[in-house]
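If you read the sequences in order, they're chains B and D.
Residues in the first sequence are numbered consecutively from 87, following the working numbering.
Residues in the second sequence are numbered consecutively from 87, following the working numbering.
Take these hints with a grain of salt, some might be off.
Said to hold, decoys possible - Facing chain D, according to a computed beta carbon distance under 8 Å, are these residues of chain B, among others:
hint : residue
1    : Gln89
2    : Asp103
3    : Pro105
4    : Val182
5    : Ser183
6    : Asp205
7    : Asp230
8    : Arg235
9    : Gly239
10   : Met358
Simulated from the structure, these hints should not be mistaken for laboratory data.
Beta carbons are placed, not taken as given, at the ideal position from N, Cα and C, and that holds for glycine.
2 protein chains.
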Amino acid sequence: MLQNPPAEPGMAEEEVDTPALLVDLDALEHNLDRMAAFCTKAGIRLRPHAKTHKSPVIAHWQARRGAVGQCVQKVGEAEILAWAGVPDILITNEIVSPRKLARVAALSRMTNIALCADDAGVVDLIEAAAEAASCRLTVLVEMDVGTNRAGVGSAASAVALAQRIAGSRALVFGGVQAYHGGAQHLRDGDARRAAIHDVAEAARGVVDDLRAKGIACPAVTGAGTGTFEWEAASGVFTELQAGSYVFMDADYGRNRPAPEFRQSLFVAATVMSAARGGVAVVDCGHKGIAIDSGLPLVHERPGVTYASASDEHGQLVCADGTQLSIGERLRLVPGHCDPTVDRYDWYVGVRAGWVETVWPVAARGMMA
Amino acid sequence: MLQNPPAEPGMAEEEVDTPALLVDLDALEHNLDRMAAFCTKAGIRLRPHAKTHKSPVIAHWQARRGAVGQCVQKVGEAEILAWAGVPDILITNEIVSPRKLARVAALSRMTNIALCADDAGVVDLIEAAAEAASCRLTVLVEMDVGTNRAGVGSAASAVALAQRIAGSRALVFGGVQAYHGGAQHLRDGDARRAAIHDVAEAARGVVDDLRAKGIACPAVTGAGTGTFEWEAASGVFTELQAGSYVFMDADYGRNRPAPEFRQSLFVAATVMSAARGGVAVVDCGHKGIAIDSGLPLVHERPGVTYASASDEHGQLVCADGTQLSIGERLRLVPGHCDPTVDRYDWYVGVRAGWVETVWPVAARGMMA
Chain B
87 MLQNPPAEPG
97 MAEEEVDTPA
107 LLVDLDALEH
117 NLDRMAAFCT
127 KAGIRLRPHA
137 KTHKSPVIAH
147 WQARRGAVGQ
157 CVQKVGEAEI
167 LAWAGVPDIL
177 ITNEIVSPRK
187 LARVAALSRM
197 TNIALCADDA
207 GVVDLIEAAA
217 EAASCRLTVL
227 VEMDVGTNRA
237 GVGSAASAVA
247 LAQRIAGSRA
257 LVFGGVQAYH
267 GGAQHLRDGD
277 ARRAAIHDVA
287 EAARGVVDDL
297 RAKGIACPAV
307 TGAGTGTFEW
317 EAASGVFTEL
327 QAGSYVFMDA
337 DYGRNRPAPE
347 FRQSLFVAAT
357 VMSAARGGVA
367 VVDCGHKGIA
377 IDSGLPLVHE
387 RPGVTYASAS
397 DEHGQLVCAD
407 GTQLSIGERL
417 RLVPGHCDPT
427 VDRYDWYVGV
437 RAGWVETVWP
447 VAARGMMA
Chain D
87 MLQNPPAEPG
97 MAEEEVDTPA
107 LLVDLDALEH
117 NLDRMAAFCT
127 KAGIRLRPHA
137 KTHKSPVIAH
147 WQARRGAVGQ
157 CVQKVGEAEI
167 LAWAGVPDIL
177 ITNEIVSPRK
187 LARVAALSRM
197 TNIALCADDA
207 GVVDLIEAAA
217 EAASCRLTVL
227 VEMDVGTNRA
237 GVGSAASAVA
247 LAQRIAGSRA
257 LVFGGVQAYH
267 GGAQHLRDGD
277 ARRAAIHDVA
287 EAARGVVDDL
297 RAKGIACPAV
307 TGAGTGTFEW
317 EAASGVFTEL
327 QAGSYVFMDA
337 DYGRNRPAPE
347 FRQSLFVAAT
357 VMSAARGGVA
367 VVDCGHKGIA
377 IDSGLPLVHE
387 RPGVTYASAS
397 DEHGQLVCAD
407 GTQLSIGERL
417 RLVPGHCDPT
427 VDRYDWYVGV
437 RAGWVETVWP
447 VAARGMMA
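So that you can see chain B by itself, here it is in the shape it has in the complex:
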């Protein structure tokens, strides 16, 4: 079952059923324009990450502003984008199941698609899928550049894996993925800059080693909303994967306090209980807003704090002199945008207090 759309175009924002995922379209367009202008000026390609928005609509808006394609984490996300006409997709992740790889091979007939590997065994699996489907698949080598998650751990391993890929008739070597997820959320800008300096040097080393072996590296891809200026300035990255900049969230807001990007994503909530003084309850708990990176903020309502989340309830604490009443509506700023979006089937696009458009979170829940 899909959720019912919580609104229709033409409604006042006050009439939107809650909880609902609101997008302030002015702020969204500001963010899209701002990042496009940055990339043009920096002379770097933008391949935004669709794990944030999960929406072909936003992917096409990004493409119209110059984005070269999209990143995804999951095959199901790639399918949703490919079926909606996104022409170039990078799966920034290892795919190891033969059934999933067969789906990737099938997609390669309708879109340019690439994926990552960090192990010769994974390359074997991708090669077998390409051979079975009589297609060629593009594979990037993922480097572990500090997140300590997936990725090869040394330049030598990266080069060996690239040689393995480049030597296969069924595969194309697509370059290097060097994404430092952990660095995005470091609070201190200098710490982020230093982390990305190390990332860029590691990537540069691999590119140089590959060149010495006669292998061109067509792409070095990475970066996120927390660090993209430094990847862009490094001279080694060829494209940026930032995703969260379209929406922002409370966590990124603490990292980038300047209004370079505006908060465009909100969850609309309604006060459903105010039985006790100083406390109120809204109809949105952590089933409706992600709390993995901290609790939501209450937008433009000084003195009101979202103090705790249970599954379906959010408890608000009101400072002295602040009163909330039953039925009152609030905008919540998610602590973390990506998993919040993934809770909803619909975006409600608002502008100047009115619902302008409602469109699906088309890749919501596409985890496989």
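Following the hints, put chain D in place on chain B, whose structure we already have.
Below, chain D without anything else, positioned relative to chain B:
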């Protein structure tokens, strides 16, 4: 978009696409039987909470074992159950939006439905909806019995609100809801028992005060998987709302270590990277398994720990001598069952290593 079903009946469990929500049907049936037997012996009604399972299939299995109806938190959940033939539904929550109340009034024509109030303003709204739809709605008074969330704060307020409801021609007074959510998760059994003793005394006081004013209290409803024995033993509760017992989770497993209920819910995951010694990465992060009540446990794989969750990745740490290989499959035990279920569109029911049935999480995402 719905997720594709990750399996078909007749498949081996090893073939299920991951991440997937697995239900061990033997364990589920054990849990359903066990709770039904408890309630029969204790002479108390069971109205399980569907916020856990979000599934008419499981609701009907509970009804066949004697459950008198279902609890829900949201109008959208009530609709899914009512449309599937569940004949008696209690919304254990305040509903304050006129549009939502109109939906409740509409449902009252196809099922017995009741909802909660903790404020005269809420009763006014429910009454208006009932009058507009020319129906009568059943309203329970929610007491705050220690969670400090919704609910009236005193016996006097509870009695006054019950009188207000009982005095309305459009409403029926349905009783008292006295659910202590916070008590469910206290680690110490004696602390849970003590908390519920206080809850029961508070409820008894309200029932006695109502009787003194000539108002019968048709139901005292509450309890969860952490405390239900004590509500049942109190002599004042008439029905139990436990929900999580059907599945259990890592958090409840720490509270109820005896194998009274078995873990029946798992997330199947696949190792997608094992590039570095002692670490492996599975294809399920916190978009696929809830971490609000702690990280998942790795089922029956000693030496392997789920050490951290990012959006789409789970990092496993392997003790010395333990090795995971790419493509290897694991069962994860969710830290918290309810929000984990809400991430998925499909249950995959397995028995003895085979997929027996696949059915929808029909009320997935029904937050409004």
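Hint by hint, here is what the structure shows:
1. Gln89: Check passed: Cβ of Gln89(B) comes within 5 Å of chain D, closer than 8 Å.
2. Asp103: Constraint on Asp103(B) satisfied, holds at 5 Å.
3. Pro105: holds (5 Å)
4. Val182: Because about 5 Å separates Val182(B) from the closest Cβ in chain D, which is inside the 8 Å limit, the hint holds.
5. Ser183: Holds: closest Cβ of chain D sits about 6 Å from Ser183(B), inside 8 Å.
6. Asp205: holds (6 Å)
7. Asp230: Because about 7 Å separates Asp230(B) from the closest Cβ in chain D, which is inside the 8 Å limit, the hint holds.
8. Arg235: holds (6 Å)
9. Gly239: holds (5 Å)
10. Met358: Holds: closest Cβ of chain D sits about 5 Å from Met358(B), inside 8 Å.
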